[in-house]
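2 protein chains.
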Amino acid sequence: MSSTRLSLSDIEDLAYQAVLGAGAAEPAAAAMARATRAAERDGIRSHGLHYIPIYCEHVVCGKVDGRAEPVVERPRPGSVRVNARSGFAHPAIEAGFAELVPAARENGVAGLAVFNSYNCGILGYHTERLAAEGLVGLGFTNAPASIAPHGGKTPVIGTNPFSLAVPGDPEARVLIDQSASTVAKSEIMMRAREGEAIPEGWALDADGNATTDPEAALKGSMTPSGGAKGFGAGLMVEIFAAALSGATLGKDASPFSGTAGGPPKTGQFFFAVDPEPFSGGAFADRIADLVAAIDAQDGARVPGSRRFANRAPADRDGVDVADALLERIRAYVK
Amino acid sequence: MSSTRLSLSDIEDLAYQAVLGAGAAEPAAAAMARATRAAERDGIRSHGLHYIPIYCEHVVCGKVDGRAEPVVERPRPGSVRVNARSGFAHPAIEAGFAELVPAARENGVAGLAVFNSYNCGILGYHTERLAAEGLVGLGFTNAPASIAPHGGKTPVIGTNPFSLAVPGDPEARVLIDQSASTVAKSEIMMRAREGEAIPEGWALDADGNATTDPEAALKGSMTPSGGAKGFGAGLMVEIFAAALSGATLGKDASPFSGTAGGPPKTGQFFFAVDPEPFSGGAFADRIADLVAAIDAQDGARVPGSRRFANRAPADRDGVDVADALLERIRAYVK
Numbered sequence: 015m016s017s018t019r020l021s022l023s024d025i026e027d028l029a030y031q032a033v034l035g036a037g038a039a040e041p042a043a044a045a046m047a048r049a050t051r052a053a054e055r056d057g058i059r060s061h062g063l064h065y066i067p068i069y070c071e072h073v074v075c076g077k078v079d080g081r082a083e084p085v086v087e088r089p090r091p092g093s094v095r096v097n098a099r100s101g102f103a104h105p106a107i108e109a110g111f112a113e114l115v116p117a118a119r120e121n122g123v124a125g126l127a128v129f130n131s132y133n134c135g136i137l138g139y140h141t142e143r144l145a146a147e148g149l150v151g152l153g154f155t156n157a158p159a160s161i162a163p164h165g166g167k168t169p170v171i172g173t174n175p176f177s178l179a180v181p182g183d184p185e186a187r188v189l190i191d192q193s194a195s196t197v198a199k200s201e202i203m204m205r206a207r208e209g210e211a212i213p214e215g216w217a218l219d220a221d222g223n224a225t226t227d228p229e230a231a232l233k234g235s236m237t238p239s240g241g242a243k244g245f246g247a248g249l250m251v252e253i254f255a256a257a258l259s260g261a262t263l264g265k266d267a268s269p270f271s272g273t274a275g276g277p278p279k280t281g282q283f284f285f286a287v288d289p290e291p292f293s294g295g296a297f298a299d300r301i302a303d304l305v306a307a308i309d310a311q312d313g314a315r316v317p318g319s320r321r322f323a324n325r326a327p328a329d330r331d332g333v334d335v336a337d338a339l340l341e342r343i344r345a346y347v348k
Numbered sequence: 015m016s017s018t019r020l021s022l023s024d025i026e027d028l029a030y031q032a033v034l035g036a037g038a039a040e041p042a043a044a045a046m047a048r049a050t051r052a053a054e055r056d057g058i059r060s061h062g063l064h065y066i067p068i069y070c071e072h073v074v075c076g077k078v079d080g081r082a083e084p085v086v087e088r089p090r091p092g093s094v095r096v097n098a099r100s101g102f103a104h105p106a107i108e109a110g111f112a113e114l115v116p117a118a119r120e121n122g123v124a125g126l127a128v129f130n131s132y133n134c135g136i137l138g139y140h141t142e143r144l145a146a147e148g149l150v151g152l153g154f155t156n157a158p159a160s161i162a163p164h165g166g167k168t169p170v171i172g173t174n175p176f177s178l179a180v181p182g183d184p185e186a187r188v189l190i191d192q193s194a195s196t197v198a199k200s201e202i203m204m205r206a207r208e209g210e211a212i213p214e215g216w217a218l219d220a221d222g223n224a225t226t227d228p229e230a231a232l233k234g235s236m237t238p239s240g241g242a243k244g245f246g247a248g249l250m251v252e253i254f255a256a257a258l259s260g261a262t263l264g265k266d267a268s269p270f271s272g273t274a275g276g277p278p279k280t281g282q283f284f285f286a287v288d289p290e291p292f293s294g295g296a297f298a299d300r301i302a303d304l305v306a307a308i309d310a311q312d313g314a315r316v317p318g319s320r321r322f323a324n325r326a327p328a329d330r331d332g333v334d335v336a337d338a339l340l341e342r343i344r345a346y347v348k
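From first to last, the protein sequence lines are chains A and B. Just so we're aligned, residue 15 is where the first sequence starts under our numbering, counting upward by one. Just so we're aligned, residue 15 is where the second sequence starts under our numbering, counting upward by one.
Think of the hints as simulated: they come from the structure by calculation, not from any bench. All clues stand as given, with none of them false.
No distinction is drawn between identical chains; accordingly, a pair holds when it is met within one copy or between any pair of copies.
Calculated cross-link-like contacts (lysine to aspartate or glutamate; reagent style DMTMM-like; alpha-carbon spacing at most 25 Å):
1) 279 to 290
2) 265 to 71
3) 265 to 312
4) 265 to 303
5) 279 to 83
Values in this document were obtained by computation on a predicted structure and should not be read as measured data.
Turn these sequences into a full structure, and let the hints guide you.
This is the structure in structure tokens:
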């Protein structure tokens, strides 16, 4: 498979031109391009340029309104609410953060709810932007239902990740970003395409029984990581990202993939916390101590460290992009 | 084993008299007695009267200062900080909630950090008190280290639960309350006492290898529920409850059990969120819809429902308490 080495700036520019060409407004295209650059820089290829043809297709088919202008309200001093108006999640979250960051500094903590939203890509990308402002960021995002409650068989919640970012130098010191499912749904879809069995424990069939058949799994449900506790973590995410934001519950949301069903109108929720008034100045030392206790152990790693390690080489050398993917992306550039 | 049926009021009164008799001040004894009544009402026997001799012993030996008066500060409009001064966690959390609840209503969201604290018992007991005020409560509490980072072998974090309580009628509608470990440490201690093997997957020995020997497990570490993701959940708890509150990290804390090591000085952190400004009035309907989708499935249950179901019978009939336990408790009553 032939590929071309691109710098991160070239990647950002290409992503911008493609999303713009598909019909999005400039601020939305710029927000999606920044997130794409960050994903490629972090080595998370699945959410880098790979997603650009999907974003473009969704602008074209109307699953996303590429020209929506998010509406920001601040009904209370520490409460920010954004109506994404069926546009991309990224510019809606950015617009909300512009209010959330000063609100967190003034109040010690503030919250942001985003509704009428869309797939926000890598959740840790957003929480890390709060960490870069010196704030602890805790985020939640919901997705179309794929996980059944423990003991049940009908999906009620999505793979619903949460993410926690702790300020560091230059960006985050710790970056937890984990979904509620045992594996990503894309792992099962890949095995279905390739006709391979999936390991036991990843998924259930439509009757709630364990299965190794990826096709049966896609008609059934994903298992939560850690059983009932994984479902509990995903339910917490659903309660913040969908119920508390007034967004569409995962069980009622249209799919994130394909062109059917219109906008998913899912949601996000973020807490931003200023560590100073809570810890009396002790926070940075405690984090350094905690991180050192993990780093000292062979085989253990601090959450986020893989992403952080990918950054300098990608900044310096760029990354290889498959020519077939480049061709699909360039088809949207006008 | 002989036992005596006690009403919940009798249980609360007995707990109060015992903790007072051990040397605690009246407000601390009353707070511990209320929590004991709630645990017995919810059917969580392990954290009901069973804990009273431990609390009393800890007052006597100085692991808890039963006469400490918590100091509450509110450095920012949405930020509350409580120094528990090596006293019980319960009265410190109550003192903090008295500021947290109005702060959350005014600001939309507020946070409470508690440091120089102690074992807070059932975490969901505290978050549910926020739910009873019409607020979404999200809580974290840390504990002496027993879980190693995924891939490592030295414990860095405790069984560190988080709890989310959603307002309902009369108390909570959903109550998530789950630790980061596969099982409670008390399950392993019980098997060690009885000389029974533990199932594979519960614990690792001191070299980081899987073990079914409970003694080896107690010298090693507890496995996190769901592997790396369970460790991530427990690390989130440690970051809020210990680092953000400026409390003692689990890896440096004295044990919660036994009389050695002095006060553990661990911590708690709580978010209280007013759903109204974030959801624009949609919250209660979304929760009802989500709960109905879980309740409709045979074999599935909404988190907290087991506790809720235990309440009416315990209120009506009281609960049976082992006479041997009653005798140990009555020894502290003056």
